[in-house]
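*Asks:* Sequence:
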Amino acid sequence: MNTLKNGERFLWIALTLTGVALQAQTVETVHVISRAVERKVDLPGEFLPYERVPIHAKVPGFVSTVLVDRGSVVKAGQLLATMVAPELTARIAEAEAKVQAVESQRAEAEAKVSAAQSTYERMKAASATPGVIAGNELIQAEKQVDVERARVRAAESSILAARAAVKAEQDIKAYLRITAPVAGVITERNVHPGALVGTANATEPMFQLETENRLRLVVAVPETDVARIVRGVHVPFTVPAYPGETFTGVISRLAHSMDPKTRSMAVELDVVSRNAHLVPGMYPTVSWPVHRTKPSLLVPPSAVASNSERTFVIRVQNGVAEWVNVKKGPASGDLVEVFGPLQADEEIVRRGTEEIHPGTRVTVRNPPAKKG
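All the letters of the sequence shown, read from the start, carry residue numbers 4 to 375 under our numbering.
Just so you know, the hints here were simulated from the structure itself, not pulled from any lab data.
The reader is advised that the hints may include incorrect statements.
To be verified - Pairwise CB distance ranges (calculated):
| id | residue 1 | residue 2 | range |
| --- | --- | --- | --- |
| 1 | Asp-337 | Ile-232 | 24 to 30 Å |
| 2 | Pro-225 | Glu-191 | 33 to 39 Å |
| 3 | Gln-320 | Lys-43 | 35 to 41 Å |
| 4 | Ser-335 | Arg-234 | 51 to 57 Å |
| 5 | Asn-193 | Glu-113 | 53 to 59 Å |
| 6 | Ile-232 | Asn-193 | 28 to 34 Å |
Unchecked claim - Below, in silico cross-link-like pairs of lysine-lysine (DSSO-like), each with a Cα-Cα straight-line distance of 27 Å or less:
| id | residue 1 | residue 2 |
| --- | --- | --- |
| 7 | Lys-264 | Lys-331 |
| 8 | Lys-176 | Lys-101 |
| 9 | Lys-78 | Lys-101 |
Beta carbons are placed, not taken as given, at the ideal position from N, Cα and C, and that holds for glycine.
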């Protein structure tokens, strides 16, 4: 070749390259695998109390005694604090005095009924003798009995209303005893004896009560992983406070709505906190199970090639290479999940590369299968 002139050398190189281009490239291929994939992703969560109750005073008054403090474990109905309300005491006394007044009016009306009834009976007996009692006078005496009886009924109605007013004030007086609506632990105490509470501008609660042994674990599940969430499934999680220890929660509630900012759905798990190890405010790491609604397509990671414009695999059909755009998903063992216009069992090049252009003729040469 050293004896060839320059023009002959260039011609020889061109003919050689053309011959190489016309030859089919030899590649090793694999088949696209389709199977159900179950995997777990680590998602951050947050513990919230199962029930959180801010306790406010229902009526204005002054705090008399405080029987609990931050961290106190209480039972439902337990007395937390007492209050005094001088204005309420005065209203109760006034209502009770009104009851006594209307009872006196009823007694007076009953006495008048008796007197009118006696007068009517005497006049009726006298009317048996002709000319002694005029008929009109007898009728007037009978009507007077009816009037007095009506006054008795009115007095009885007033007594019922006055007694109801007393009971209403006494019911309000019961609000001066602040009790726990549910069992739990006091997490905030914001009052001391002598404090004025229950006014219109009092926004801060007297106490904050939270359930102790039952928690809500809220997990923001990404949109890509919300398929096939099943209630009742036990999900493991860990917390930084107890390294090396794994806890479990039960999927109980779904928001059924995506957060437009994070593109995630809030899912709640019920967690039992034995011995109060887990508390609201902790941030656990949840090993969230992910299930696809249909079998996934899996290929070797080496089969996925990328450039500045696309990510693709090279499909082989009738001995010709074809680029198929795909989206790469998470790994599943020694394979990787892909999304794109592929079908199960289709043949693709094991090692994808830009050097195998679309339309290139290829020859498949796979290594012999290992004997079991």
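*Asks:* If a hint holds in the structure, say so; if it does not, say that too.
*Replies:* Results of checking the hints against the structure:
Against the hinted window of 24 to 30 Å, the Cβ-Cβ separation of Asp-337 and Ile-232 comes to about 28 Å, which satisfies the hint. As the Cβ distance of Pro-225 to Glu-191 is approximately 34 Å, the hint placing it in 33 to 39 Å holds. A C-beta distance of roughly 36 Å is found between Gln-320 and Lys-43, which places it inside the suggested range of 35 to 41 Å. Checked against the given bound of 51 to 57 Å, the beta carbons of Ser-335 and Arg-234, roughly 26 Å apart, lie outside it.
The hinted window of 53 to 59 Å between Asn-193 and Glu-113 holds, with their beta carbons roughly 55 Å apart. With their beta carbons about 39 Å apart, Ile-232 and Asn-193 fall outside the hinted range of 28 to 34 Å. Between Lys-264 and Lys-331, the direct Cα distance comes to roughly 24 Å. Compliance with the 27 Å bound is thereby established for this hinted pair. At most 27 Å may separate the alpha-carbon atoms for a hinted pair to count; Lys-176 and Lys-101 meet this at roughly 18 Å.
Among the hinted pairs, Lys-78 with Lys-101 is inconsistent with the structure: their alpha-carbon atoms are about 39 Å apart, more than 27 Å.
The structure does not agree with the numbered hints 4, 6, 9 stated previously, though it agrees with the rest.
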